[in-house]
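Using the sequences plus the hints, can you model the full thing?
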Amino acid sequence: MNYDYDIVVVGGGPGGYVAAIRAAQLGKKVAIIEKESLGGVCLNWGCIPTKSLLKNAYVLDLVKNASKYGIDIPSFTVDWTKVVKRSRNIAKRLSKGIEYLMKKNKIDHFYGIAILKDSNSISIKSSDDSINMITSDYIVIATGTKQRNLPNLTIDHKQIISSKEAMVLDNIPKRMTIIGAGAIGVEFAHLYNAFGCNVTLVEAQENILPNEDLEISSELQTLFSKRKINIITNKLVDKVIKNKKTIKLHLGKDVIETDIVLVAVGVSGNIFDLGLEKLNIKTDGNFILTNKHMQSNVSNIYAIGDVSGPPLLAHVASAEGIEAVEHICGIKNKGIYYDNIPACTYCEPEIASVGLTEKVAKEKGYEIKVGKFPFRALGKSLADGSHEGFVKTIYDAKYGELLGCHIIGNNASNLISEIAIARTLETTYHEILKTIHPHPTLSEAIQESTGVALDEAIHI
Amino acid sequence: MSTDVIMPKLGESITEGTILEWKKNVGDSISRDETILEISTDKVDSEVPAPASGILLEILYQKNDTVAVGEVIARIGESGKKIEPKEIKDSTETNIDVKQESVEEIPVKEEVKKIIQKSSNRKFYSPLVKSIAQKEGLELSELDSISGSGHNGRVNKKDILDYIHSRTTSSISKVPVTADTVSYSLEDKVEPMGHVRKMIAQHMIKSRDTSVHVYSSNEVDMTKIVEFRANYKETFKTKYQTPLTYTPFITDATIRAIHEFPLINCSIQGDNIKHNQNINMGVAVALPDNNLIVPVIKRSEELNFLGLTRSTADLALRARESKLQPEEAQGSTFTITNPGIFGSLFGMGIINQPNVAILSVGSIHKRPVVKETEYGDVVVIRSMMYLTLAYDHRVIDGAYGTQFLAKLKDLLENFSDNEVKI
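Protein sequences appear in the order of chains A and B.
Heads up: the first sequence begins at 1 in our numbering, then just goes up one per residue.
Heads up: the second sequence begins at 1 in our numbering, then just goes up one per residue.
Treat each hint with caution, since some may be false.
Unchecked claim - With a straight-line Cα cutoff of 16 Å, these simulated EDC-like cross-link-like pairs (lysine to aspartate or glutamate) come out:
no. : chain 1 : residue 1 : chain 2 : residue 2
1   : B       : K135      : A       : E367
2   : A       : K106      : A       : D118
3   : A       : K334      : B       : D417
4   : B       : K135      : A       : D4
5   : A       : K245      : A       : D156
6   : B       : K157      : A       : D339
7   : B       : K158      : A       : D118
8   : A       : K398      : B       : E136
9   : B       : K224      : B       : D4
10  : A       : K372      : A       : E388
11  : B       : K157      : A       : D396
12  : A       : K29       : A       : D61
Hints were generated in silico from the structure; no laboratory data involved.
Bear in mind that the values here come from a model prediction, so they are computed numbers and not experimental data.
Below is the structure:
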């Protein structure tokens, strides 16, 4: 049987477009179908445009505090429109870049909505309602996720918004309440606080960033509170009263009056209206079930990225895309290894972690050695003018294995890769301690925290 | 206390030796019998083993120096202990000695280093794997024997933990398995392969997938050797306290034949042919638990007949008693296997990687053979034996393989009493 394509990828996000490029590299005839813009949420409405906005917040902070560095800036104004425009331009530019990569790799791309007609045929409905049918030997589903709604907080895109609207607000609201203190909630809390908005951050669990190590969450909570971000944890929104210009939220006995509510309570996989049910593709909740090579129960259909379930991270999606395509092409890999995935949150200071938290390590029965080293003891941090936070490293006491590392501090996201690679190479504390780290750098804190774990730290 | 390393006497007439290479540097930790330097005399090159374990404190002669036999050439000190002041006085390198002391302060690493230095094939082990190996008391040979699931076969944490787990479970099940092999009974059951069995299986598959096996066979008239052995075996046993078997005769002849056909003794490394200076003779030994091991007579070409006999007997005995040092079953360049022991006429061997040939020795049987004499053809009763050579067609072609075999036949049939001093 001859098909139009060897592999068709449904969805052009960081999972899908990477899968398509890898497939083309391996000599396959490839098509990609995207309903909006290539690059997906990550590039258009997630990772990248938010990083752009956060950079503006950083610059604003620097200008406000310029006198600390001996530079007086008597007056300045914030042009919010330009702030948003910069972010959108960057997203657009990157999306164009992906289009170029598709062309370069001779990947056909279709704009439209894909529906699987059978395990080898896909219909594509374009914006002008015309329908294209294409066939393919293999199909990779990379449709991502969409914002989850809370039953009493339905997104109306005006007063109750999702992260997408939060990236393009017309102006900075006076008061914003953010429901959900995961990475997205925390990043927006920092952003709008930096731009002078009165922010309240609500989390149903006991701590903000509930998946991070407890000490990291507490440190951020302390730092946020100092900046007057109002934090409410362990509370659910019971009642919502919408007025014309304001909203009242009831959380048990507390009542918050706010101008705008940002809902950031997680996402669910885009598995509906894809034709999956007819093909009996197995799902769990709102995610497609796969094996470790990202293959669904229908052997020529793969699912990668957010739609195949957590961890919902762009870098995981890309790795899964490559795994799926290599598996299709007969390259024998061991499958994705989910125990060593770094995760970053780009608030100020940044948070980055990889491996086990102290709590999980103990639950798994490890006897551990923990080291914690504050950035305020490092020359580089003081010179940088940002010395909040610390590095925490967790080691197995028996064999010395580096079990996990948790960083809160300036540039944490750039520091964590050292730990990820060290863990891939199965490092013990000895190698981290004895590897000479350059001075003056922030990375010295990793070495020193290992020293603390072994009672050999120098600068504390 | 420190121990002196002296220039050894390598032969009757030898009075001095030249240092070829120091394998260890000052400050390195050394275990007893580990090679610390290579020396050369006018007859042979040799490795000098350490007389004691410890730290190499001093090197008194450098590369290319010629030193009289019996002269002190280096000193080894006990680890963690200071060199005696008296000795420091003699040395101008006091500062270096002090440095060595600080090197010594991480004892954990020293032991791991020892494990790694011993490694013959220099596999990479991650720090964590080394740490686990050390804490769980794994021998290097065990570590080397674990098949790795990581990139390029690297042994990772999961592999070593799985191995330790299976080692614990298999030692529990060991007794019934052995009992089974003794009182053999038919029954339906599935049991996991033992570790050694698994290794053998992997090696066999690897060899089949690596070498292009081709076979040649020759029949050898062993009558002279059979008669010689019959005449001298009692004397030999009494004199040397070791039985006179056929194996050293065949090994000895094989070594001589290899000298004329050295390619038989090579190995293949990628697209290169690695020629080996020494003939490290592997001799397959069947073990009581139905497994197989191939101990290696290192530098077998340097041994005389008695030396070959003793080495073979010693290695075979210790192999059966599982008392071999790991390196004693590594590094072969050629292998002999002897299915004839169990009465087989001939065997068709699987090459022992990374060798390129294996010689299978058949049983010796009396058979009627036609001999050409000056009075015409006669039928005589002779002790005949089949030799089968399996060789790797990637590097050895039929002409070369069969010529080697013909040479071997020639050497065995024309065996001369003078070759063996009894």
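Results of checking the hints against the structure:
1. B:K135 x A:E367: holds, 15 Å
2. A:K106 x A:D118: Violated. K106 of chain A to D118 of chain A sits at ~25 Å, over the 16 Å cutoff.
3. A:K334 x B:D417: The given pair, whose Cα atoms are some 62 Å apart, is violated under the 16 Å limit.
4. B:K135 x A:D4: violated, 58 Å
5. A:K245 x A:D156: Satisfied, since the Cα-Cα distance of roughly 13 Å is no more than 16 Å.
6. B:K157 x A:D339: OK: K157 of chain B and D339 of chain A at ~13 Å, within 16 Å.
7. B:K158 x A:D118: Answer violated: K158 of chain B to D118 of chain A is near 40 Å, above 16 Å.
8. A:K398 x B:E136: holds, 10 Å
9. B:K224 x B:D4: Violated: K224 of chain B and D4 of chain B sit about 50 Å apart, past 16 Å.
10. A:K372 x A:E388: holds, 13 Å
11. B:K157 x A:D396: holds, 13 Å
12. A:K29 x A:D61: Measuring from Cα to Cα gives roughly 49 Å; hence the hint is violated.
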